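S.K.: In case you want the letters, here they are:
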Amino acid sequence: MNKGKIVSIHSFRGGTGKSNTTANLAAQVAMAGKRVGVVDTDIQSPGIHVLFGLDENKMGKTMNDFLHGKATIREIGFLIGENTGNAEGRSKLAGKDLWLFPSSIRGREISQILKEGVDFNKLNEGLQNTITEFNLDYLFIDTHPGLNEETLLSIATSDILIIILRPDSQDLQGTSVTIDIARSLDVPNLLLMVNKALPKYDAAQIKKDIEAQFNAPVAGVLPLSFDMAENASSDLFSLRFPDHEWSKGLRGVAKAILAVE
Amino acid sequence: MSQDVTAQLKHTIIFNGLSDEVLSDLAQKAITRKLSKSDVLMRKGEPGDSLFLIHNGWVKIVTLDSKGDELIINKCGPGETIGEMALLDGAPRSATVIAMEDTEVLELHQDAFHDLLNRRPDVSLAIIRSYSERLRFSTTYIERAIDWSQKTAEGDYSFIDQTQPILHGAATDDDKATQLLSAFFAMVRKVKEREDGLKQQLEKLTFEIDQARRKQEFEEITSTEFYANLKEQAKALRQKRAQK
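First to last, the protein sequences are chains X and W. Counting in our numbering, the first sequence runs from 11 upward without gaps. Counting in our numbering, the second sequence runs from 23 upward without gaps.
FYI, nobody ran anything at the bench for these hints, they're computed from the structure. Note that the structure is predicted; figures quoted are calculated from it, not measured. Treat the hints with care, since some could be wrong.
Using C-beta positions, here's what the derived DEER-type ranges look like [unchecked claim]:
(1) X:80 <-> W:254: 39 to 45 angstroms
(2) X:179 <-> W:263: 34 to 40 angstroms
(3) X:89 <-> W:171: 53 to 59 angstroms
(4) W:123 <-> X:210: 50 to 56 angstroms
(5) W:265 <-> X:252: 58 to 64 angstroms
(6) W:178 <-> X:178: 32 to 38 angstroms
Taking lysine to any residue and the SDA-like style, the derived pairs with C-alpha atoms no more than 20 angstroms apart in a straight line are [what the hints assert, rightly or not]:
(7) X:13 <-> W:237
(8) W:66 <-> W:132
(9) X:44 <-> X:170
(10) W:262 <-> X:199
(11) W:262 <-> X:217
(12) W:257 <-> X:194
(13) X:44 <-> X:262
(14) W:253 <-> X:134
(15) W:253 <-> X:135
(16) W:257 <-> X:262
(17) W:257 <-> X:258
(18) W:253 <-> X:194
(19) W:257 <-> X:133
(20) X:217 <-> X:194
(21) X:218 <-> W:229
(22) X:13 <-> W:260
(23) X:258 <-> X:42
(24) W:262 <-> X:258
(25) W:262 <-> X:131
(26) W:253 <-> X:156
(27) W:262 <-> X:198
(28) W:262 <-> X:193
(29) X:80 <-> X:131
(30) X:13 <-> X:44
(31) W:237 <-> X:258
Not everything, but these chain X residues come out facing chain W in the computed CB check (under 10 angstroms) [claimed, not checked]:
(32) 162
(33) 167
(34) 195
(35) 220
Quick reminder that beta carbons are idealized off the backbone N, C-alpha and C, glycines included.
Make the full structure from the sequences, and use the hints.
M.R.: Right, dumping it as structure tokens:
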């Protein structure tokens, strides 16, 4: 039986720091000794493969090829610890069990999954096979912002859904719909993560208010950080700057993921 | 001029406890020196063996920055004294002093001072007494500053209002201990202001969700055939996982 959990990371709008958060969460869970995979379905720049230091030219076959039976999952997984380059944060992943599964690296392939008719069962089977083949404890899916059909598929198959939002009205409005959808699709574990919180707001109060509003746990309120903005696109921030407030908040979210039964 | 010199000497830390008669005697021993613009009065590192009283004109006190460029630390003019501590400890000069224009200074050499001390033990005693008072005054304020620092660290700023009047009473221009405390108070006041500002800024964020819009968007997504199928499949999947 598969014990591995599918963790989808979603945000209603772009710019919430979703890809960065996904990469750092996956890295932290791997650092905790777990076997972790990351499926990148949000190909927006800078892209999660950049955070993991992978050259697009090195990537041949993708998750799409696997789902369509054109490649084996072994051909697609990149072991990050063997490809860290000389980035200070990433190099800490050497020897850890963390694989990246690129979904689609070119723009025109974005919606190929849908066009070529990969349905829910096929996607789910593919993800479960990935978990089995690599004996994963966690498979993270970096989803597209918004609620398109591909994202709905990811949410429907998730054991844990993490919704990232900024503390502003538009994100809260969008998140309310995503939460309703997640409940409608019986997602068993829902975690919220507030990112880019301005220091002028009281983090404890934000957590309390949002939890009361949505009746869902807020696993962390992470600060808006210029250090983060400057360093985030080339390396894994929480590994490179472990003492930073953002990194501390992120480890709290990783801990919440590890605590899910 | 001798009377001016006597008054000027009385303003120095070393001599302010001495009688006019003694100061007048000392003033007699001072030698007048005339400097032209850019003349060097003393160089950093040279042994310090005299005190200078500026009679007229201006000098600049300079040091060299890390690039070797001249950095002006201070400027001194008529009535001001330079290098008074040198008479007591003879330590090397801590900076270079250069005339900024035609300047007249009175130099009181260490020898004349030592000669005075040898002749008049009561003068030595008066100087020691004056120094002790100064030291006690500084020590008292340092002790208070330690106490205030601890209070500031704990966020208790009540001492500012309670202590200000005492401080004003004791303040003189050339009193370094008081200057330090003024700077300390100015700092604490700014810290407090900043803290108050932050507290105000720590606003409560108000969230308002448009429930009608929320419901409408949810219905738009869930009313499709795709969604109906997905929901069925997801439900079956959850049941299957639960059974395992």
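S.K.: CA of residue 262 of chain W to CA of residue 199 of chain X, is that 20 angstroms or under?
M.R.: Holds. Residue 262 of chain W to residue 199 of chain X sits at ~17 angstroms (cutoff 20 angstroms).
S.K.: Given the hinted pair residue 44 of chain X and residue 262 of chain X, is their Cα-Cα distance within 20 angstroms?
M.R.: This hinted pair holds, its Cα atoms lying about 16 angstroms apart.
S.K.: Could you say whether the range 53 to 59 angstroms given as a hint is met by the Cβ separation of residue 89 of chain X and residue 171 of chain W?
M.R.: Because 54 angstroms falls inside the window, the suggested range holds.
S.K.: Verify the proposed pairing of residue 13 of chain X with residue 260 of chain W, using a straight-line Cα cut of 20 angstroms.
M.R.: holds (14 angstroms)
S.K.: At a threshold of 10 angstroms, is the proposed contact between residue 162 of chain X and chain W supported by beta-carbon distances?
M.R.: holds (6 angstroms)
S.K.: Holds or violated: residue 217 of chain X with residue 194 of chain X, Cα cutoff 20 angstroms?
M.R.: Given that 20 angstroms is the threshold and the Cα spacing comes to 24 angstroms, the pair is violated.
S.K.: Using Cβ atoms only, decide whether residue 167 of chain X comes closer than 10 angstroms to chain W, and label the hint accordingly.
M.R.: holds (7 angstroms)
S.K.: Next pair to validate is residue 262 of chain W with residue 193 of chain X; report whether the Cα-Cα distance is within 20 angstroms.
M.R.: holds (18 angstroms)
S.K.: Has the given pair, residue 80 of chain X with residue 131 of chain X, been kept, meaning a C-alpha gap of at most 20 angstroms?
M.R.: holds (18 angstroms)
S.K.: Below or equal to 20 angstroms on CA atoms is what counts here, so check residue 13 of chain X against residue 44 of chain X.
M.R.: Holds, because 12 angstroms separates the two Cα atoms, which is no more than 20 angstroms.
S.K.: Between residue 237 of chain W and residue 258 of chain X, is the straight-line Cα distance small enough, at 20 angstroms or below?
M.R.: It is violated: about 36 angstroms lies between the C-alpha atoms, which goes past 20 angstroms.
S.K.: Between residue 262 of chain W and residue 131 of chain X, is the straight-line Cα distance small enough, at 20 angstroms or below?
M.R.: Measuring from Cα to Cα gives roughly 12 angstroms; hence the hint holds.
Of the numbered hints stated above, those contradicted by the structure are hints 1, 5, 7, 11, 16, 17, 20, 24 and 31, listed in ascending order.
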